[in-house]
Each structure stands twice: as C-alpha cells, then as structure tokens.
Amino acid sequence: MDIRLVNLTKIFADKNSEVRAVDNLDIVIPSGKLIGLLGPSGCGKSTTLYMIAGLLEPTMGQIFFGDEDVTNLSAEKRGIGLVFQNYALYPHLTVKQNIMFPLQNMRMPKAEILARTQKYARLVGIEDLLDRKPKQLSGGQQQRVAIARALVKEPKVLLLDEPLSNLDARLRLQTREEIKRIQRETGITTVFVTHDQEEAMSISDEIVVMKAGVEQQRGKPQDVYEQPVNQFVAKFLGTPPINIFYGKVEKGGLYIGDELIGSSNLEDQEVNIGIRPEGFEISEDGTLSVEVKQVEHIGRDTSVVASNKNTEKETFRFIVESGVEVKEHTTIKVAVKPNKCYVFDKIEEKRVQ
Amino acid sequence: MVEGKKSINFLKAMLYLLPALVLMAIFTFYPLIDTFIISFKEQYDNVTGAYSSIGFENYQRIFSAGNQFVLCLCNTMVIVFASVPVSILLSLLIAVALNSIKPLQRFFQTVFFLPYVTNTIAIGMVFSIVFESHQGLANTIITSLGGSNVNWLGGNIQGVTLGNNLFNPDNALFTPQWFTSMIVLMVYIIWNSLPFKILILLSALQSIDKQYYQAAQIDGTSKFRIFSRITVPLLSPQIFYLLITSFIGAFKEYTSVVAIFGEGAQSVGHRHNMATVVWYIYDKIGSSDATEMGLAAAGAVVLFAIIMFFTAINGYVGKKRVHY
Amino acid sequence: MLLAIIIITAIIIIALLISKLIVTKKEQAFENARRCPENKYYVENADEIIRREKTLKTIRYIVCYTFLVLLAIFMLVPFYWMIVTALKTEAEIELVKPTLFPKVITWSNFRYILDAKYQMSLTTSGKLQFDLFRLMYNTLVVGVFSTIGTLVTTVMAAFAFSRIKFPGREIIFTIFLATMMIPGEMMIIPNYIVVVKYLHGENTYWAMIVPFLISVYYIYLLRQNFRQIPDELYYAAKVDGTSNLKYLFKIMIPIAMPTLITISILKLMGSWNAYVWPMMITSRDDMRLISNGLRQSFTDSEGRSHQGRQMAAAAAVLAPLLIVFVCLRKYIMRGVSRSGIKG
Numbered sequence: 233m234d235i236r237l238v239n240l241t242k243i244f245a246d247k248n249s250e251v252r253a254v255d256n257l258d259i260v261i262p263s264g265k266l267i268g269l270l271g272p273s274g275c276g277k278s279t280t281l282y283m284i285a286g287l288l289e290p291t292m293g294q295i296f297f298g299d300e301d302v303t304n305l306s307a308e309k310r311g312i313g314l315v316f317q318n319y320a321l322y323p324h325l326t327v328k329q330n331i332m333f334p335l336q337n338m339r340m341p342k343a344e345i346l347a348r349t350q351k352y353a354r355l356v357g358i359e360d361l362l363d364r365k366p367k368q369l370s371g372g373q374q375q376r377v378a379i380a381r382a383l384v385k386e387p388k389v390l391l392l393d394e395p396l397s398n399l400d401a402r403l404r405l406q407t408r409e410e411i412k413r414i415q416r417e418t419g420i421t422t423v424f425v426t427h428d429q430e431e432a433m434s435i436s437d438e439i440v441v442m443k444a445g446v447e448q449q450r451g452k453p454q455d456v457y458e459q460p461v462n463q464f465v466a467k468f469l470g471t472p473p474i475n476i477f478y479g480k481v482e483k484g485g486l487y488i489g490d491e492l493i494g495s496s497n498l499e500d501q502e503v504n505i506g507i508r509p510e511g512f513e514i515s516e517d518g519t520l521s522v523e524v525k526q527v528e529h530i531g532r533d534t535s536v537v538a539s540n541k542n543t544e545k546e547t548f549r550f551i552v553e554s555g556v557e558v559k560e561h562t563t564i565k566v567a568v569k570p571n572k573c574y575v576f577d578k579i580e581e582k583r584v585q
Numbered sequence: 157m158v159e160g161k162k163s164i165n166f167l168k169a170m171l172y173l174l175p176a177l178v179l180m181a182i183f184t185f186y187p188l189i190d191t192f193i194i195s196f197k198e199q200y201d202n203v204t205g206a207y208s209s210i211g212f213e214n215y216q217r218i219f220s221a222g223n224q225f226v227l228c229l230c231n232t233m234v235i236v237f238a239s240v241p242v243s244i245l246l247s248l249l250i251a252v253a254l255n256s257i258k259p260l261q262r263f264f265q266t267v268f269f270l271p272y273v274t275n276t277i278a279i280g281m282v283f284s285i286v287f288e289s290h291q292g293l294a295n296t297i298i299t300s301l302g303g304s305n306v307n308w309l310g311g312n313i314q315g316v317t318l319g320n321n322l323f324n325p326d327n328a329l330f331t332p333q334w335f336t337s338m339i340v341l342m343v344y345i346i347w348n349s350l351p352f353k354i355l356i357l358l359s360a361l362q363s364i365d366k367q368y369y370q371a372a373q374i375d376g377t378s379k380f381r382i383f384s385r386i387t388v389p390l391l392s393p394q395i396f397y398l399l400i401t402s403f404i405g406a407f408k409e410y411t412s413v414v415a416i417f418g419e420g421a422q423s424v425g426h427r428h429n430m431a432t433v434v435w436y437i438y439d440k441i442g443s444s445d446a447t448e449m450g451l452a453a454a455g456a457v458v459l460f461a462i463i464m465f466f467t468a469i470n471g472y473v474g475k476k477r478v479h480y
Numbered sequence: 029m030l031l032a033i034i035i036i037t038a039i040i041i042i043a044l045l046i047s048k049l050i051v052t053k054k055e056q057a058f059e060n061a062r063r064c065p066e067n068k069y070y071v072e073n074a075d076e077i078i079r080r081e082k083t084l085k086t087i088r089y090i091v092c093y094t095f096l097v098l099l100a101i102f103m104l105v106p107f108y109w110m111i112v113t114a115l116k117t118e119a120e121i122e123l124v125k126p127t128l129f130p131k132v133i134t135w136s137n138f139r140y141i142l143d144a145k146y147q148m149s150l151t152t153s154g155k156l157q158f159d160l161f162r163l164m165y166n167t168l169v170v171g172v173f174s175t176i177g178t179l180v181t182t183v184m185a186a187f188a189f190s191r192i193k194f195p196g197r198e199i200i201f202t203i204f205l206a207t208m209m210i211p212g213e214m215m216i217i218p219n220y221i222v223v224v225k226y227l228h229g230e231n232t233y234w235a236m237i238v239p240f241l242i243s244v245y246y247i248y249l250l251r252q253n254f255r256q257i258p259d260e261l262y263y264a265a266k267v268d269g270t271s272n273l274k275y276l277f278k279i280m281i282p283i284a285m286p287t288l289i290t291i292s293i294l295k296l297m298g299s300w301n302a303y304v305w306p307m308m309i310t311s312r313d314d315m316r317l318i319s320n321g322l323r324q325s326f327t328d329s330e331g332r333s334h335q336g337r338q339m340a341a342a343a344a345v346l347a348p349l350l351i352v353f354v355c356l357r358k359y360i361m362r363g364v365s366r367s368g369i370k371g
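Residue numbers (this note's numbering), protein chains in the order written: chain A, 233 to 585; chain B, 157 to 480; chain C, 29 to 371.
Derived by calculation from the structure, the hints in this document are not laboratory data. Even for Gly, the Cβ is constructed at its ideal location relative to N, Cα and C. Hints are not guaranteed to be accurate.
[Unchecked claim] Cross-link-like lysine-lysine pairs, in silico, DSSO-like; alpha carbons within 27 Å at most:
1) B:LYS162 with A:LYS309
2) A:LYS342 with B:LYS408
3) B:LYS162 with C:LYS193
4) B:LYS379 with A:LYS367
5) A:LYS309 with C:LYS82
6) C:LYS358 with A:LYS247
7) B:LYS161 with A:LYS328
8) B:LYS162 with C:LYS274
9) B:LYS379 with A:LYS328
10) C:LYS193 with B:LYS168
11) A:LYS385 with C:LYS85
12) B:LYS258 with C:LYS85
13) A:LYS365 with B:LYS476
14) B:LYS161 with C:LYS225
15) B:LYS161 with C:LYS274
16) C:LYS274 with B:LYS168
17) B:LYS258 with A:LYS365
18) A:LYS265 with A:LYS388
19) B:LYS161 with C:LYS193
20) C:LYS278 with B:LYS162
21) B:LYS379 with C:LYS358
22) C:LYS82 with A:LYS388
23) C:LYS225 with B:LYS408
24) C:LYS225 with A:LYS309
25) A:LYS525 with A:LYS483
26) C:LYS145 with B:LYS258
27) B:LYS379 with C:LYS85
[Stated by the list, open to error] With the Cβ distance kept under 8 Å, some of the chain B side facing chain C (calculated, not the full set):
28) PRO175
29) PRO332
30) THR336
31) ILE469
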C-alpha cells in the first residue's frame with residue numbers, strides 16, 4: 233500500500249507566533265519501499281511522521297493510504313506500527329508482555345497471540361529475552377523489542393522515529409542492517425526519520441531531504457548525493473561535507489579566484505562551487521594551489537585539511553588515497569574532478585551546473 | 157562534601173546536629189521508650205510517679221469486655237478500611253479526569269486543592285451544620301428530591317443494637333445512628349484527604365512520558381485498558397506511597413471526629429460512640445483519674461504495633477506489586 | 029432548588045464547551061476540504077468512522093466534565109454553606125426549610141466575632157466567648173517562633189547530613205528517618221509529663237513551641253535539595269577561601285530558598301491547625317490557640333449552638349489561610365506535590 237501526502241501542512245501556533253513546521257508537502261511513498269525523511273533538527277520530519285501516524289492533526293492537506301483518505305482518522309484505525317525515538321517500552325511489562333500488548337487490544341485468540349509474539353521475537357532476534365523487563369536490556373535490544381511490538385500486529389505501514397539515534401556507533405551500524413533486513417523480509421512500507429545522512433543513505437530505497445518544513449529533493453540516495461538540486465542538499469549529504477568555494481564563470485571557464493578549474497556553459501556570473509572531498513586529485517597539472525595545514529591518516533585513506541583564500545570556511549578538507557605522500561605546511565597543486573564539482577547560483581543557491 | 161580528618165568532621169557534624177539531636181532525644185527517643193515502660197507499669201500515677209508492679213494489667217484492662225478501647229479500635233478500623241480505598245480511588249479518577257482536559261484545568265486543580273489549606277476544626281463544624289438533622293443542607297437536598305429527613309448525627313434511639321452485646325452497653329455501635337454518623341464522618345475525612353492525593357497523583361501523571369500513551373493509541377488500546385494496564389502501573393509508586401501514608405493517617409484519625417462531634421466524640425444520644433483509638437489515648441491522658449495514664453500508654457503502644465503491622469504488610473505487598 | 033441550579037449551570041458550561049469543540053472541528057474539516065479542491069478520493073467508510081469517533085469523544089468530554097463539576101461542587105459546598113449561614117439572621121437559620129441564599133443579609137454575626145465590645149454587650153457572663161484577636165495573636169506567636177526555630181534546626185541538620193562526611197552519618201540519618209513512621213501518640217504521654225510536671229510549661233508559649241522545633245521530614249526535604257548542589261561549587265568556594273559557614277549562608281541557603289519558603293508556609297499552616305497539644309497544656313482561655321478557641325467557644329453543654337456566629341468564626345479562622353493560599357499558591361502546591369515523589 234502506498235502513502236500519499238497531499239499539500240500536507242502543519243502550523244504550530246500560539247498566542248503570538250506561528251511556526252510552519254511542515255509546508256505544503258507532496259510526497260508519494262511507494263508500496264513496500266523504505267523511505268528516509270532526512271533533514272536537520274526542526275525541519276519538520278518528525279512532525280510529518282507523526283501526522284502520518286495520526287498523532288498530530290494536519291492543519292491543511294490530506295493523507296492517503298492507498299485510495300483511502302485517512303486525514304481525520306485517528307491513529308489506532310490507521311493500522312500502522314510506530315517505533316518511537318525513546319522506544320516507549322512500557323517499563324512495568326516484560327518484553328513478552330510488551331510485544332503482546334497490541335494484540336491483546338485486538339481480542340485475538342490467546343494461541344495466536346503467543347504464536348505471533350514468538351514469530352516476531354524471532355524475526356528481530358530477541359527470543360531469549362522475552363521474560364526480561366525493558367530496564368534490563370541494552371539500547372539495541374530495546375530497539376528490537378520496540379520494532380517487534382510495532383510489527384506484531386502486522387501493520388500496513390511501519391514508521392520509525394530516529395530509530396538509531398539512541399544507540400552507540402557500533403550498534404548503530406548493526407541495527408541499521410537489521411532494520412533493512414526486517415523490512416525486506418516483511419515487505420512492509422516503511423518510513424523513517426533521521427537527521428543522520430549516512431544512516432538515511434545506507435538503508436533507504438529513497439530519501440526525502442527536508443528543510444524548514446519544505447521538501448528539497450527526493451530520489452534514490454545515490455542520485456541525490458550525486459545530483460543535488462541545491463547547495464543545502466549538497467552540504468547536508470556526505471561526510472566529510474562538501475567544500476564550498478567562491479568562484480565565477482567567465483567566458484566559458486569556471487574559476488576559483490583566478491585559477492581555472494573547469495569549464496562552464498553558463499553566462500558570466502559569480503557562483504558558489506561545491507566540490508566533494510573525494511573530488512580532488514593531487515597532480516602537478518592541477519590548477520588550484522592550496523596550502524596543506526594538517527594531514528590525518530585515517531586508515532583506508534588520508535584526509536587533508538587545507539586552505540585556500542576563496543573557501544567559505546577557513547579551511548576545507550579533501551581525501552586522497554593513503555599511498556599518496558602529502559607534507560604538512562607546504563603548498564601543493566590540486567586538480568578538480570569534473571563530475572564531483574557542482575555549481576550553485578549565488579542568490580538562490582540552486583544548482584546550475 | 158567536606159573532606160578532612162574523620163574525628164574533626166565528626167565534631168563539626170555534631171555541632172551542626174546538636175539542636176536536632178538534643179530535641180530528638182528529649183521529645184522523640186526518650187518518650188518513645190518511656191511510653192513502653194509506662195504501659196507496663198501497673199497502677200502508675202503520673203503525678204507521684206508511683207506504681208505497684210510491672211505487668212500486663214493495662215493491656216488486660218483496655219482489652220477487657222466493655223472497655224471503650226475495643227469500641228474505639230472498631231471505629232478506627234471501619235474508618236481505615238472504608239475511607240482509604242474510597243479516597244484513593246476517587247482521587248485517582250479525579251486526577252485522570254483532570255489530566256485529560258485542557259480548558260479549565262488550572263481552575264479545577266485549584267478548587268480541588270482548596271480543602272488542603274483549611275482548618276480541620278472550622279470545616280468540621282461546617283460539616284456538622286451541613287448535616288444538621290433538621291434544617292441542614294444535606295437534608296434539604298434529600299427532601300427536595302423526594303426523600304425524607306435523615307437523622308444524620310443521631311437523635312432517636314431505635315433499631316437493633318448489635319454493639320450492645322459486644323461492647324459497653326451505652327456505647328452503641330452499628331445502630332442506625334452510628335451508621336449515619338459514620339457516613340458524615342467518612343464524607344468529611346474523604347473531603348479532607350482528597351486534595352493531597354489528587355495533587356500527588358496529578359503531578360505524577362503529568363510526568364509520565366507522553367509516548368507511552370501515543371504508543372498505546374497507535375495500538376488501538378481502549379481507554380479502560382490504557383488506564384488499568386499503563387496508567388495505574390506507572391503510578392504505582394505514588395499510589396503505594398499514598399496507601400501507606402493514608403493508612404497511617406486514618407489510624408490516627410482524631411481531629412475530624414472532634415470537629416464534627418465535639419470533644420465528647422458522641423452523636424446525639426450516645427456517649428463516645430464515634431470515638432477512635434487516638435481519641436481514647438487523649439481522653440485517658442486528660443482523665444481525672446491519674447492511674448489511667450497507663451491505659452493511654454498501652455493504647456498508644458497497641459496503635460503503634462497495628463501501624464507497624466500494616467506498614468509491614470504494605471511493604472511486603474508493595475515489593476511484589478509496585479513497579480519502580 | 030439548589031440542585032436544579034447546580035445542574036443547570038453544569039449543563040450550560042458543558043454545552044458551551046461542546047459547541048466550541050464541534051465548531052472548531054467543523055471549521056477544520058471545512059478548511060481541509062477547501063484546501064484540497066482536486067480531492068479525488070472519497071471513502072464513505074472512513075467518514076463514518078470519523079463521525080462515530082467524534083460522537084464518542086464528545087460523550088467522553090461530557091462525562092469527564094460532569095464528573096469534575098459535580099465533585100468540584102462537593103468540594104466547594106462547605107465553604108458556600110459556611111458563608112451563607114454566617115450571613116443569615118438567627119430567625120432565618122431556624123427555619124425548618126432552610127434558604128439557599130439569605131433573604132436578609134446580616135453582618136451581625138461577623139460583628140459579633142470581630143468586635144469585642146459588641147460581643148460583650150450581648151453576653152451576660154461578662155467574659156468574651158470568642159476573642160478572635162487574642163487567639164490569632166497566640167497562634168502567630170507560636171507559629172512564627174516555631175517556624176524560625178524549625179528553619180534553624182533544619183538547615184543545620186540538613187547541612188551536616190548533606191555536606192559533611194563523618195562516620196555514622198548514614199546510620200544517624202536512617203534512625204532519623206525511621207522516627208517518621210512512629211505515630212506522635214507514642215511520644216505525647218511522656219512529653220506531657222515532662223513539660224507539665226518537670227518543666228512547668230502549662231499555659232506558656234514555649235511549651236507549645238519547643239517540642240515542635242524539629243521535623244525529620246523537613247530535614248529530609250532540605251537534604252535532598254542540598255545534595256543537588258554540585259560538589260564543584262563547594263570546591264570552588266574552598267579555593268576562594270570561603271569558610272563552611274559562609275558557604276552555607278552565601279550559596280546553599282539562597283539556592284534552597286524555594287524549599288525554605290515552602291517549609292515556612294507549611295509550618296505556619298501547621299500552627300494554625302494545631303489542636304491536640306495546645307489543648308492539653310493550656311487551661312486558660314487567653315493562652316489557647318485558634319483551633320482550640322474555635323472548637324471550645326461555641327459548644328453549649330445544653331441546647332444548640334448559635335450557628336450563625338459559629339460559622340462567622342469559622343470563616344474568620346479560614347480567611348487568613350485562604351489569603352496565604354491565593355498569594356503563595358505556587359510554593360504550597362509545589363512543596364506538597366514534591367513530597368509525593370520521594371522514595
């Protein structure tokens with residue numbers, strides 16, 4: 233079942249101010265896919281999720297599950313499973329009771345309740361923990377219980393609110409694989425919210441990047457990464473983040489300062505040039521001269537902190553293979569790979585090339 | 157934390173604790189032991205300090221047939237086991253209702269807290285007038301609804317007197333008068349104890365993570381199930397705390413009895429038939445017969461033992477049932 | 029009659045709330061529809077469900093508010109009846125069918141309570157029956173001094189228990205806490221003997237103050253508060269060369285001020301309610317506290333008491349409490365609610 237959001241808008245208003253948390257959102261979430269809503273905190277992604285869940289009422293617009301308008305339907309009638317950021321496991325119930333809880337609401341026969349509980353406990357890999365209380369579990373285990381509880385009633389839609397943010401780095405890696413696997417196995421339409429771009433990119437079939445309640449870009453993670461529509465999306469995706477240089481287009485040439493780094497078919501104008509860290513190459517033929525400030529060897533490759541007077545920030549960072557020798561406090565020449573270089577217009581920060 | 161030599165710190169601490177320790181020694185620890193001792197002194201005269209021997213005579217006397225103490229104990233038990241469950245249940249319902257509304261919430265909260273900041277004696281007197289047998293408000297409401305006057309605080313002596321056979325002949329228990337008087341007392345005690353409970357439960361309710369309710373809502377949990385399976389267990393530490401404190405409080409009920417029924421603790425026509433254990437203790441302390449001080453001490457020890465017993469039971473049950 | 033008025037008011041309030049609710053809901057639905065003109069999908073079933081839900085929700089609201097309104101009336105009735113009775117004439121009080129609102133408002137009951145000369149002119153015994161201002165004065169003397177004393181002992185003990193590391197601290201504190209479980213009646217007999225027989229405290233203020241200068245519960249409350257102050261603050265003060273005592277007064281007490289205010293209010297209210305102990309150790313009318321005076325002044329050994337005057341006196345006793353409550357509601361309610369979260 234697909235989910236469609238039509239002109240979805242949420243305004244939080246109190247006596248003297250008004251916040252548009254979500255502004256005219258139009259998204260189609262295809263059936264059986266895993267979609268990540270991505271954006272910095274306060275961008276309205278959680279609000280959107282809560283509106284899909286039915287916990288928040290939209291100010292305007294509609295939500296469709298398949299052909300059905302569920303905008304005014306209350307949460308329990310929508311047939312969704314929601315995993316909360318803090319898991320919201322009932323602390324006084326055991327893991328088993330927590331998972332059984334939604335089924336008991338449905339007045340299901342006892343045998344089936346137990347069978348289903350077993351099934352989903354096995355799916356998320358917590359069969360051994362059924363008699364413990366949530367407090368006795370690690371964060372990752374609690375997370376699995378929360379997922380099992382959301383899945384056990386076999387909802388049409390699974391919603392995850394920042395599912396990995398409360399886990400430590402190692403668990404995060406493991407759990408996100410787990411989520412991906414569970415989603416594949418069940419084939420359930422899944423929407424999840426995160427501010428961590430790496431997380432979103434690694435498991436989503438599609439991502440939606442949001443900023444201040446407005447959708448910026450939607451697409452396959454790699455497409456969005458490679459073809460950002462504006463400077464915000466380009467900056468938000470990728471670690472280390474993209475480097476922005478102040479540059480210009482002059483007679484078909486693309487310049488950073490006075491140094492020609494590529495070509496352009498744009499009219500002459502001032503532009504912002506975004507170059508991914510992996511978009512640099514150290515070579516004698518390079519046209520951009522940069523001063524190396526610091527070299528960090530991080531195993532697989534080497535991260536170089538360098539400066540150029542035309543960068544947005546004081547320094548910028550690029551990555552070279554670990555075999556390449558770079559000396560600190562020297563000035564070197566680098567070339568820019570043309571497909572890793574994006575040109576944004578100066579005013580609207582839209583991508584123009 | 158003040159670091160330093162242990163002995164010096166000990167002296168310093170004692171200096172700060174001196175007033176507390178001295179006062180506690182005189183007014184808490186010494187009396188605690190002395191009460192036990194007095195309760196075993198037979199024929200103890202508090203004026204001269206003389207006593208005949210050490211023994212259980214005081215206990216025998218208060219538990220002997222026809223002694224008021226048994227009646228007082230009976231009344232106290234009725235008060236405890238009727239008022240505590242009712243008031244906790246009622247306050248829980250009110251707190252949940254208050255928590256679920258938005259408009260007027262603060263107004264209601266203030267109204268429900270008002271009885272806490274009153275004078276027990278003053279409002280007790282008001283209650284005795286509200287339940288006045290002839291032209292009180294309660295009877296006015298009942299008659300205007302088509303009922304007939306209820307003789308709330310006693311008056312005509314009629315009906316079977318169960319208590320006559322069990323207790324002192326002039327202390328009638330379980331008579332119609334006793335029942336109506338007990339109802340008035342119960343209403344007052346509950347009225348008086350609701351505010352504290354509502355406040356405690358409401359602030360506990362408001363600190364429960366909203367996500368539990370959202371999760372329950374998504375799972376389509378019925379309101380009743382949310383209440384019984386989520387709210388009550390999450391409130392169990394507070395409910396348990398209220399249970400213990402109000403059990404102790406109800407065992408010590410005294411002022412409200414005196415406020416409604418006067419220092420004689422009697423509904424009209426019956427001497428002392430509303431008396432409680434604590435009333436008995438104070439009555440014996442103030443008694444003109446100096447040797448009755450021993451009875452008061454024995455009564456106090458019995459009260460202490462009962463309270464300890466119930467607190468222990470509560471603690472035992474609480475360990476099993478309360479989720480922290 | 030009264031019931032009818034109550035019910036009608038309740039219904040009006042509920043009706044208003046419901047109508048407001050429905051109107052906002054409708055507006056929202058309308059707005060939704062207007063904003064989505066190209067809405068192609070219309071599911072009859074969903075609409076049905078939504079309507080049923082709304083009805084259920086409204087019913088729930090009605091039940092909830094009715095319940096609260098009825099209980100709120102139950103809470104307020106005694107106050108209302110007290111004031112109304114105090115404003116009635118004696119003749120009106122004596123009516124077999126009482127009026128819900130005085131036909132003639134008379135201030136003579138309040139005058140009797142507040143004006144000693146007027147009271148004297150009505151009594152034959154030549155003695156004031158209810159000397160409000162004397163009683164208030166006694167209560168204030170006892171209340172103020174016991175509050176100050178309690179604050180001193182509480183701050184000192186809480187400081188020792190929270191900031192000084194000394195051997196036996198936990199044991200002593202546990203013993204202190206354990207005494208909270210013991211009913212006061214266990215102590216009152218020897219206290220009475222000691223104060224009256226050995227210290228000759230009958231009919232004195234100090235006898236009503238000194239035994240209550242210590243409260244384990246307040247020590248516990250303040251200790252919790254003190255413990256929340258981080259140790260770093262203390263070390264910083266030490267580095268700056270601050271003495272213990274100066275640290276206590278300059279840093280800890282200001283931080284714990286809200287708790288101290290709460291303690292003061294509760295302690296003052298406690299004296300206003302004190303009944304048993306003052307009754308035991310005072311025999312003279314002019315040494316009684318307000319609760320004793322109120323209880324004893326209007327009981328007639330034969331016949332009935334004068335209800336109007338009694339209620340006026342009760343109102344006069346309650347008035348200061350209610351004024352304090354209105355002014356310091358925040359401190360009182362917070363202080364009381366905090367006591368439930370211990371454990």
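Hints and how they fare:
no.: 1; hint: B:LYS162 with A:LYS309; verdict: violated, 66 Å
no.: 2; hint: A:LYS342 with B:LYS408; verdict: violated, 48 Å
no.: 3; hint: B:LYS162 with C:LYS193; verdict: holds, 8 Å
no.: 4; hint: B:LYS379 with A:LYS367; verdict: holds, 26 Å
no.: 5; hint: A:LYS309 with C:LYS82; verdict: holds, 13 Å
no.: 6; hint: C:LYS358 with A:LYS247; verdict: holds, 24 Å
no.: 7; hint: B:LYS161 with A:LYS328; verdict: violated, 53 Å
no.: 8; hint: B:LYS162 with C:LYS274; verdict: holds, 22 Å
no.: 9; hint: B:LYS379 with A:LYS328; verdict: holds, 22 Å
no.: 10; hint: C:LYS193 with B:LYS168; verdict: holds, 10 Å
no.: 11; hint: A:LYS385 with C:LYS85; verdict: holds, 25 Å
no.: 12; hint: B:LYS258 with C:LYS85; verdict: holds, 14 Å
no.: 13; hint: A:LYS365 with B:LYS476; verdict: holds, 14 Å
no.: 14; hint: B:LYS161 with C:LYS225; verdict: violated, 44 Å
no.: 15; hint: B:LYS161 with C:LYS274; verdict: holds, 21 Å
no.: 16; hint: C:LYS274 with B:LYS168; verdict: holds, 15 Å
no.: 17; hint: B:LYS258 with A:LYS365; verdict: violated, 34 Å
no.: 18; hint: A:LYS265 with A:LYS388; verdict: holds, 12 Å
no.: 19; hint: B:LYS161 with C:LYS193; verdict: holds, 9 Å
no.: 20; hint: C:LYS278 with B:LYS162; verdict: holds, 26 Å
no.: 21; hint: B:LYS379 with C:LYS358; verdict: violated, 32 Å
no.: 22; hint: C:LYS82 with A:LYS388; verdict: holds, 24 Å
no.: 23; hint: C:LYS225 with B:LYS408; verdict: holds, 26 Å
no.: 24; hint: C:LYS225 with A:LYS309; verdict: violated, 75 Å
no.: 25; hint: A:LYS525 with A:LYS483; verdict: violated, 33 Å
no.: 26; hint: C:LYS145 with B:LYS258; verdict: violated, 51 Å
no.: 27; hint: B:LYS379 with C:LYS85; verdict: holds, 11 Å
no.: 28; hint: PRO175; verdict: holds, 4 Å
no.: 29; hint: PRO332; verdict: violated, 22 Å
no.: 30; hint: THR336; verdict: violated, 18 Å
no.: 31; hint: ILE469; verdict: violated, 14 Å
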